[in-house]
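Peer 1: First to last, the sequence lines map onto chains A and B. With the numbering used here as the guide, the letters of the first sequence map in order to residues 1 to 323. With the numbering used here as the guide, the letters of the second sequence map in order to residues 324 to 882.
Among the hints, erroneous ones may be present.
Incomplete in silico selection of chain A near chain B, CB under 7 Å [to be verified]:
| # | residue |
| --- | --- |
| 1 | C55 |
| 2 | Y120 |
| 3 | I133 |
FYI, nobody ran anything at the bench for these hints, they're computed from the structure. Every value quoted in this text rests on a predicted model; they were computed, and no experiment measured them. Note that beta-carbon positions come from the ideal geometry of N, C-alpha and C, so glycine has one too.
Residues per chain, in single letters:
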Amino acid sequence: MDVTLNIRRFDPGVPQPESYWQSFDVSIEDNGTVLDALIKIREDTDGTLSLRCSCRSSICGSCAVRINGHAGLACKLQASAVMGDDNVITVEPAGVMPVVKDLVVDFEPFWEKIRAVKPYLQPQGLEPESEYIASNESMLHLSSVTACIMCGACVSDCTVLEVDPTFLGPAALAKAYRFTADPRDGDTDGVSKERLQDLTQATGMWDCTRCTECVTACPKGVAPMDRIMALRDQAIAAGLTNSNGARHAEVFGELVGHSGRLDELKLPVKTVGMFNIPAMLGFLPVGIRALIHGKMPSPIHKNIEGVEGFRRLYKKAEEAGEE
Amino acid sequence: MLEHDVLVIGAGLAGMRAAIAAQTGGANTAIISKVHPVRSHSNAAQGGINAALTDRGDEWEEHAYDTVKGSDYLADQDAIEVMCKSAGQALIDMEHMGVTFNRDDEGRLGTRAFGGQRRARTFFVGDFTGQALLHVMFEQLVKSGIRSYEEWFVTSLIEEDGQVCGVMALEIRTGKMHAIRAKALIFCTGGLGRAFEPSTNALIVTGDGISLAYNAGARLMDMEMVQYHPTTLAGSGVLISEAARGEGAYLLDKNGERFMEAYAPNMMELASRDVVSRSEQTEINNGNGENGCMFLDCRHLGEALIMEKLSQIREIGIDLAGVDMIKEPIPIRPGMHYMMGGIKTDVDGLTNVPGIYAAGECACVSVHGGNRLGANSLLDTIVFGQRAGDHAAAATRSKEFVNFDGSAAVKKEEGRIQQILDRPQNDDRVANIRLGMGQTLNNNLAVYRNQTGMEDTLRSLGGLRERYAHVPVDNKGAVFNTDLIFSLELGFMLDCAETITVSALDRKDSRGAQARTDYPDRDDENWMKHIVTNKGEEGPEISYLPVSITQWTPEVRSY
Ligand SMILES: Cc1cc2nc3c(=O)[nH]c(=O)nc-3n(C[C@H](O)[C@H](O)[C@H](O)COP(=O)(O)OP(=O)(O)OC[C@H]3O[C@@H](n4cnc5c(N)ncnc54)[C@H](O)[C@@H]3O)c2cc1C
Numbered sequence: 001m002d003v004t005l006n007i008r009r010f011d012p013g014v015p016q017p018e019s020y021w022q023s024f025d026v027s028i029e030d031n032g033t034v035l036d037a038l039i040k041i042r043e044d045t046d047g048t049l050s051l052r053c054s055c056r057s058s059i060c061g062s063c064a065v066r067i068n069g070h071a072g073l074a075c076k077l078q079a080s081a082v083m084g085d086d087n088v089i090t091v092e093p094a095g096v097m098p099v100v101k102d103l104v105v106d107f108e109p110f111w112e113k114i115r116a117v118k119p120y121l122q123p124q125g126l127e128p129e130s131e132y133i134a135s136n137e138s139m140l141h142l143s144s145v146t147a148c149i150m151c152g153a154c155v156s157d158c159t160v161l162e163v164d165p166t167f168l169g170p171a172a173l174a175k176a177y178r179f180t181a182d183p184r185d186g187d188t189d190g191v192s193k194e195r196l197q198d199l200t201q202a203t204g205m206w207d208c209t210r211c212t213e214c215v216t217a218c219p220k221g222v223a224p225m226d227r228i229m230a231l232r233d234q235a236i237a238a239g240l241t242n243s244n245g246a247r248h249a250e251v252f253g254e255l256v257g258h259s260g261r262l263d264e265l266k267l268p269v270k271t272v273g274m275f276n277i278p279a280m281l282g283f284l285p286v287g288i289r290a291l292i293h294g295k296m297p298s299p300i301h302k303n304i305e306g307v308e309g310f311r312r313l314y315k316k317a318e319e320a321g322e323e
Numbered sequence: 324m325l326e327h328d329v330l331v332i333g334a335g336l337a338g339m340r341a342a343i344a345a346q347t348g349g350a351n352t353a354i355i356s357k358v359h360p361v362r363s364h365s366n367a368a369q370g371g372i373n374a375a376l377t378d379r380g381d382e383w384e385e386h387a388y389d390t391v392k393g394s395d396y397l398a399d400q401d402a403i404e405v406m407c408k409s410a411g412q413a414l415i416d417m418e419h420m421g422v423t424f425n426r427d428d429e430g431r432l433g434t435r436a437f438g439g440q441r442r443a444r445t446f447f448v449g450d451f452t453g454q455a456l457l458h459v460m461f462e463q464l465v466k467s468g469i470r471s472y473e474e475w476f477v478t479s480l481i482e483e484d485g486q487v488c489g490v491m492a493l494e495i496r497t498g499k500m501h502a503i504r505a506k507a508l509i510f511c512t513g514g515l516g517r518a519f520e521p522s523t524n525a526l527i528v529t530g531d532g533i534s535l536a537y538n539a540g541a542r543l544m545d546m547e548m549v550q551y552h553p554t555t556l557a558g559s560g561v562l563i564s565e566a567a568r569g570e571g572a573y574l575l576d577k578n579g580e581r582f583m584e585a586y587a588p589n590m591m592e593l594a595s596r597d598v599v600s601r602s603e604q605t606e607i608n609n610g611n612g613e614n615g616c617m618f619l620d621c622r623h624l625g626e627a628l629i630m631e632k633l634s635q636i637r638e639i640g641i642d643l644a645g646v647d648m649i650k651e652p653i654p655i656r657p658g659m660h661y662m663m664g665g666i667k668t669d670v671d672g673l674t675n676v677p678g679i680y681a682a683g684e685c686a687c688v689s690v691h692g693g694n695r696l697g698a699n700s701l702l703d704t705i706v707f708g709q710r711a712g713d714h715a716a717a718a719t720r721s722k723e724f725v726n727f728d729g730s731a732a733v734k735k736e737e738g739r740i741q742q743i744l745d746r747p748q749n750d751d752r753v754a755n756i757r758l759g760m761g762q763t764l765n766n767n768l769a770v771y772r773n774q775t776g777m778e779d780t781l782r783s784l785g786g787l788r789e790r791y792a793h794v795p796v797d798n799k800g801a802v803f804n805t806d807l808i809f810s811l812e813l814g815f816m817l818d819c820a821e822t823i824t825v826s827a828l829d830r831k832d833s834r835g836a837q838a839r840t841d842y843p844d845r846d847d848e849n850w851m852k853h854i855v856t857n858k859g860e861e862g863p864e865i866s867y868l869p870v871s872i873t874q875w876t877p878e879v880r881s882y
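Construct the entire structure; sequences and hints are all you get.
Peer 2: Here it is, written out as structure tokens:
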């Protein structure tokens with residue numbers, strides 16, 4: 001099978017380095033992967049092409065790149081499945097992380113965030129002589145998260161990290177959840193309150209905007225965003241409601257439950273607190289921008305029609321949730 | 324100059340375990356790896372890790388006996404005793420560190436059956452046990468704060484007054500060469516799979532440490548013992564784990580018939596790997612395969628079990644072969660998988676070269692002898708990694724650093740690298756030489772071997788070596804020059820290939836992974852001994868070491 005790879009390249013060794021596109025025609029087996037094609041180029045045509053790759057079987061996490069604009073493992077995607085009618089596949093380095101050379105990106109920021117979540121089990125009780133007793137279900141659940149191979153695909157396509165490099169990001173938060181959800185971590189009831197406390201800080205679990213890009217990008221079905229949502233539930237269950245994010249969620253529910261729709265003016269005020277002057281001032285620029293762009297919500301917030309019926313529904317849903 | 328009491332080379336399971344032990348033992352420790360630790364090849368282990376837990380009615384002696392028999396009586400029984408006795412604690416330690424092992428109904432660690440063992444003692448995390456263990460070991464490495472040189476490539480060893488006293492390492496990200504001084508080096512550089520084509524091994528598994536140690540005078544042992552795994556995918560050679568057969572999958576011929584009955588009536592598909600691979604190869608040679616493959620049938624296991632315990636290999640089948648094992652049998656064949664031989668060590672990782680230790684797949688203790696049992700290798704890495712780390716920490720306490728001129732060493736190594744970069748283009752390519760080596764090994768040092776074929780390979784290797792001396796690299800740049808690294812790795816692999824071939828030619832019997840059509844029987848009288856190779860003036864020189872036998876007398880082996 002003939003394919004054309006359009007590769008975004010970058011050589012830091014030349015004066016004034018800039019990225020550029022180069023295309024290569026290669027012939028691979030019909031069920032060959034994008035990685036097979038890249039290796040073929042590197043071996044037969046152009047040894048200057050740099051990329052990380054190793055296991056060829058979606059387990060070492062080395063070869064995450066952007067293929068046709070989306071992050072994925074080059075070794076997992078068959079070329080025939082991703083090439084267009086013209087047999088072209090575009091390959092770029094993973095996003096968010098700075099490019100080192102060609103398809104190689106700098107992972108240091110990635111590892112820094114993994115280290116920031118204290119990525120090791122911290123049991124508080126006494127270690128048993130033999131193994132910890134735990135249900136198979138609890139371990140299977142954790143294994144679906146520890147299946148993360150740290151390839152960085154989720155980080156590459158995270159829309160928050162793209163604009164806010166301080167966000168812990170989907171990989172590190174999923175890693176954190178792997179501990180908070182572990183019955184062996186934390187106190188004897190398996191609650192990892194200190195971790196949750198750390199993770200409710202700014203740049204943590206409440207900064208995710210739920211765009212679902214990480215869920216789509218993950219080649220291992222880890223669904224980082226779902227783990228972040230689970231972290232939020234754990235934080236609220238542990239009584240960690242005194243953070244902007246948690247209050248945002250609570251107030252959101254309260255407001256919607258009252259009027260049947262979101263009062264966008266009250267939400268920020270109630271979240272940070274009416275008398276939190278510095279935070280209130282912080283909203284000013286956003287408010288002004290919203291005003292200029294005609295996005296300022298109406299100061300008169302009306303209940304929706306039939307709000308009584310909605311409130312009953314809302315209450316029922318809440319009760320069901322508690323059960 | 325960078326300086327550490329103990330420098331561990333390689334950050335797979337063996338390396339990280341060794342580093343943590345050395346640091347705990349009080350040594351100033353560092354670890355160096357050509358890839359980030361979690362990218363190490365240990366992550367590819369799928370099926371599980373063996374241990375006999377007494378509170379489950381198992382005995383280490385039972386595990387040891389299965390291992391001895393699996394090795395075709397070539398492994399050293401004293402070393403096997405050490406490994407099997409330590410297995411339970413090593414396993415529980417890993418659980419305490421956080422490995423999410425599958426459980427049984429009572430919430431205790433669950434087991435699955437594995438080849439060559441009379442009871443189920445393989446502990447596992449789905450079908451990605453290696454990744455689960457490796458990531459947890461990395462977590463412990465992070466916790467320990469051990470200095471970790473990531474994406475640094477060891478190019479050679481530093482010797483001063485005949486003493487090994489450090490390494491030269493290329494920082495891949497910048498292209499900068501560094502000298503690192505150390506009182507002890509622990510080689511944990513893994514296997515040499517890529518010397519063969521195809522292989523189940525990752526592209527980074529290139530025998531670097533085996534070659535570096537060999538060139539520094541270390542003895543290699545059992546190098547003829549190369550494991551061919553019974554179930555690898557055609558084409559890429561990627562592995563479909565023995566876990567599939569452990570869970571009950573069948574091997575079928577082209578007519579859909581199970582064929583293992585004729586070869587291993589008791590253990591059937593779960594006989595030792597060498598036995599199953601030979602049976603498959605015999606069937607394929609007799610025309611009972613299809614396109615050079617037999618079939619692995621998992622359909623009767625059912626979707627639920629496959630999704631819970633074999634989901635990753637199902638994905639591999641779909642991604643790489645376009646076959647969904649829930650619905651269809653997967654075409655498989657024997658493929659190069661594991662190196663039983665390696666740097667000869669004792670049970671504390673010591674080699675014959677002062678200051679050099681080894682552990683993990685690059686080492687040969689020897690606990691695997693002629694054939695490794697599935698799920699014994701992960702165990703080997705953590706047990707002997709830890710022991711080597713312990714020993715090195717204690718041994719370096721009273722040792723002084725050897726003095727040498729670091730900048731002169733850097734200059735010399737830079738010069739050597741520059742010569743490679745400066746080679747003029749010719750028609751040859753590193754990849755072509757590697758392919759030539761891989762194919763000749765796979766043709767003549769595979770499941771069945773004979774004198775003529777192996778001599779042919781030895782000759783080819785000579786020719787490839789000559790080409791290697793002149794082969795150019797395209798990339799002359801400093802930053803992330805993988806082209807240069809492949810060239811250096813090829814040199815390491817050629818050394819390995821030569822010692823494998825020379826050892827296999829020397830052994831005139833069939834035992835474990837070595838099945839010679841011209842010497843089809845096991846000959847205990849003459850060949851129950853280890854073949855040792857060390858570097859001589861004109862290539863590998865051969866000597867022998869006796870096999871340690873403690874309590875299990877060699878018997879005829881049948882499954
Ligand atoms: C597909 C597959 C499945 C397997 N399944 C199982 C199983 O189920 N159970 C089992 O027990 N065993 C299994 N094995 C075998 C087992 O996984 C390996 O033998 C074992 O993990 C090797 O570990 P290691 O620590 O010795 O080496 P590796 O994990 O290979 O690590 C080697 C390290 O050395 C470093 N390195 C190498 N050369 C250099 C250099 N020049 N400079 C710097 N660093 C260097 C690498 O970067 C790496 O960090 C399997 C093997 C394969 C291939």
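Peer 1: Which constraints among the numbered hints does this structure fail? Numbers only, ascending.
Peer 2: none
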